[in-house]
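Protein sequence lines correspond, in order, to chains Z and P.
Oh and the first sequence: position 7 is -11 in the numbering used here, straight run, nothing missing.
For the numbering used here, add 523 to where a residue sits in the second sequence, where the first one is 1.
These are calculated hints, taken from the structure and not from any lab test.
Check the hints yourself; a few may be wrong.
Here are a few chain P residues that face chain Z, going by a calculated C-beta distance under 7 Å [to be verified]:
| # | residue |
| --- | --- |
| 1 | Ala770 |
| 2 | Gly771 |
| 3 | Arg773 |
| 4 | Glu777 |
| 5 | Asn824 |
| 6 | Asn918 |
| 7 | Phe922 |
The calculated lysine to any residue pairs, modelled on SDA-like cross-linking and capped at a C-alpha distance of 20 Å, are [claimed, not checked]:
| # | chain 1 | residue 1 | chain 2 | residue 2 |
| --- | --- | --- | --- | --- |
| 8 | Z | Lys86 | P | Gly771 |
| 9 | Z | Lys31 | P | Lys545 |
| 10 | Z | Lys86 | P | Arg773 |
| 11 | P | Lys907 | P | Gly878 |
| 12 | Z | Lys(-6) | P | Trp832 |
| 13 | Z | Lys31 | P | Gly878 |
| 14 | Z | Lys31 | P | Gly866 |
| 15 | P | Lys874 | Z | Ala22 |
| 16 | Z | Lys89 | P | Arg773 |
| 17 | P | Lys926 | Z | Pro13 |
| 18 | Z | Lys28 | Z | Pro2 |
| 19 | Z | Lys31 | P | Glu729 |
| 20 | Z | Lys86 | P | Gly732 |
| 21 | P | Lys926 | Z | Ala16 |
| 22 | P | Lys588 | Z | Gly32 |
| 23 | P | Lys545 | P | Asp707 |
| 24 | Z | Lys31 | P | Lys926 |
| 25 | Z | Lys31 | P | Gly589 |
| 26 | Z | Lys86 | P | Glu768 |
| 27 | Z | Lys28 | P | Gly771 |
| 28 | Z | Lys89 | Z | Glu5 |
| 29 | Z | Lys(-6) | P | Gly771 |
| 30 | Z | Lys28 | P | Thr745 |
| 31 | P | Lys923 | Z | Lys31 |
| 32 | Z | Lys31 | P | His833 |
| 33 | Z | Lys9 | P | Arg773 |
| 34 | P | Lys926 | Z | Met24 |
| 35 | P | Lys923 | Z | Gly12 |
| 36 | Z | Lys86 | P | Lys731 |
| 37 | P | Lys926 | Z | Lys(-6) |
| 38 | P | Lys923 | Z | Ala16 |
| 39 | Z | Lys31 | P | Lys874 |
| 40 | Z | Lys9 | P | Lys588 |
Every residue, glycine too, gets a C-beta built ideally from N, C-alpha and C.
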Amino acid sequence: MLLLECPYCGVKAEETELAPGGEAHLKRFGPGSAPEEFEAYMFARKNPKGVHFERWRHAYGCGKWFLAARDTATLEVFGTYPAQTSEPPADLVEKIRARRPDWKGYK
Amino acid sequence: MRRYSVFAIAREAMRYHTGWEKAWAAPEPKAKYDAVIVGAGGHGLATAYYLGKNHGIRNVAIIEKGWLGGGNTGRNTTIIRSNYLQDPSAAIYDKALQLYETLSQDLNYNVMFSPRGLLMLAQTHHEVRGYMRTVHANLLQGVETKWITPDEVKKLVPIMNIGGPRYPVLGALYQPRGGTGRHDAVAWGYARACSDMGMHIIQNCEVKGVRSENGVVTGVDTTKGFIGCSKLGMVVAGHSGQLAEMAGFRLPIEAVALQALVSEPIKPCMDVVVMANTVHGYMSQSDKGEMVIGGGTDGFNNYTQRGSWHHIEETLRALVETFPMLSRLKMLRQWGGIVDMTGDRSPLISKTPLGNCFINCGWGTGGFKAIPGSGWAMAELMAKGEPGPLAAEFNMWRFKEGKFIDESVAAGVAH
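Throw the hints in and build the complete structure from the sequences for me.
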């Protein structure tokens, strides 16, 4: 069972309380963008076996979007953080590095 | 290869079954092959088989990191059907169904194909309209399906509660030619036929890297050393993204867990396959009497081959309403597999940015039914270097061009 702590209300929410929202920190492309750019952000999503950053919504709680760092191969959760950032916070990255020394870092 | 037959059984019965051969050999890898296929599941083995049978390419190795047929081929709910909405899908899935119809004879291996008929229940008005549209599309595609009324559904499946109240059965899309097969036997049958053609099936051999020079693959680094190849086929389902990364390109694929479960065996009670997409459940009865039940996928990326518990609860809760007699059944086993989902829920059978490297993946939640057709199309692509009519639309660049083969709406969740 997946447990994620909502960074807004501090509740340790269980999976059925949450709605998954796919890859985090996506760069969105608007009108006038090239087909390659649309393809990259709409379909060619990151799909790592290991450390992954995702969007989640505390759907049956405060209703807000937040971001989570998780290992897709073990289901280990490294941490959650508010959605108003364009890249993972430094302390979380340090924490992941400590747990996964061979991780290549956030790209 | 000694053929299996009634005479073989009689002969072996006379000598205490001492004369049976191993179904396939376990060779050490050679330095180089004309074609290397990564992944000895149903799709990989079928690709190798049709490479040899249709195109005469027999210097082939099939590399498998675990054991043969031990991935999704051994984890699915064995449903076979071809009632898809879009023309390219109907073409390849019906090709697969036609090949399944004679596969036991072709392979001299009993794959227990059982065309017992398949129902897709419409439990909302939206589904009624959707399935009627599919029936009309299938008519134009030459795939025989029909729309049947709730009373006809009840006649086919007496154990079903069609009255609701929450999910009343409003009718069903019926494909009489659909059914089930024996999933392991499909992999074993293809493996035996491939081995008989002199192909090498190398198990417990994981690919660790893909070597390429000037945009052309030269071979793969494996746990059994470097294996060279003139052509490379990637047919690894859930781990396609990993393999593509080794080769230096990204696929429009995300890996998620899909679950299934099986009940204790009971007396025969349902002789068709029933799929209920609104409630995310599908069910058939195996020859052993177990109810084989498939559920929905998780909504997040996952490589752990185990899914979320609440999906099982959802599936069973809904199935118990539709099949009240299930409420007292004990479930024996539950398992998960990693499925490779594309944005339009249709597969990739495609060339790649590397000249002699080809990919067959993205079958998502419904790959078993496609195995023979997929192998047929992939073998043609690998042999000629260009896709034939079956594979042409399933190229990996369709997402850039917006030429989707959209089955996500048509197929609902169960697929």
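Query - Interface hint for P:Phe922, Cβ within 7 Å of any Cβ on chain Z - result: holds, 4 Å
- prompt: Hey, Z:Lys31 versus P:Lys545, does the alpha-carbon distance stay inside 20 Å?
  reply: violated, 36 Å
Report task. Quickly compare the C-alpha distance for Z:Lys86 and P:Gly771 to 20 Å and report which way the hint goes. Result -> holds, 16 Å
Exercise for the section: Measure nothing beyond the straight line between the CA atoms of Z:Lys9 and P:Lys588; if it is 20 Å or shorter, mark the hint as holding. Expected result: Given that 20 Å is the threshold and the Cα spacing comes to 35 Å, the pair is violated.
Check your understanding: Would the pair P:Lys588 and Z:Gly32 pass a check requiring their Cα atoms to be no farther apart than 20 Å?
Key -> With Cα atoms ~19 Å apart, P:Lys588 and Z:Gly32 stay inside 20 Å; holds.
**Request:** Given the hint that Z:Lys86 pairs with P:Gly732, test it: the Cα-Cα distance must not exceed 20 Å.
**Result:** holds, 17 Å
Quickly compare the C-alpha distance for Z:Lys28 and P:Gly771 to 20 Å and report which way the hint goes.
holds, 14 Å
- Holds or violated: are the alpha carbons of P:Lys926 and Z:Pro13 at most 20 Å from each other? Given pair P:Lys926, Z:Pro13 holds - Cα atoms ~19 Å apart, limit 20 Å.
**Study point:** Satisfaction of hint between Z:Ala22 and P:Lys874, Cα-Cα up to 20 Å
**Key:** Since the Cα atoms of P:Lys874 and Z:Ala22 sit roughly 18 Å apart, the hinted pair holds (cutoff 20 Å).
- Distance restraint between Z:Lys31 and P:Lys926, which requires alpha-carbon spacing of 20 Å or less: violated, 29 Å
- Query: Quick one, are Z:Lys31 and P:Lys874 close enough, alpha carbons at most 20 Å?
  - Reply: violated, 24 Å
- Sort out whether P:Lys731 lies within 20 Å of Z:Lys86, counting only the CA atoms. holds, 17 Å
When held up to the earlier numbered hints, the structure conflicts with 1, 2, 6, 9, 13, 24, 29, 30, 31, 32, 37, 39 and 40 and fits the remainder.
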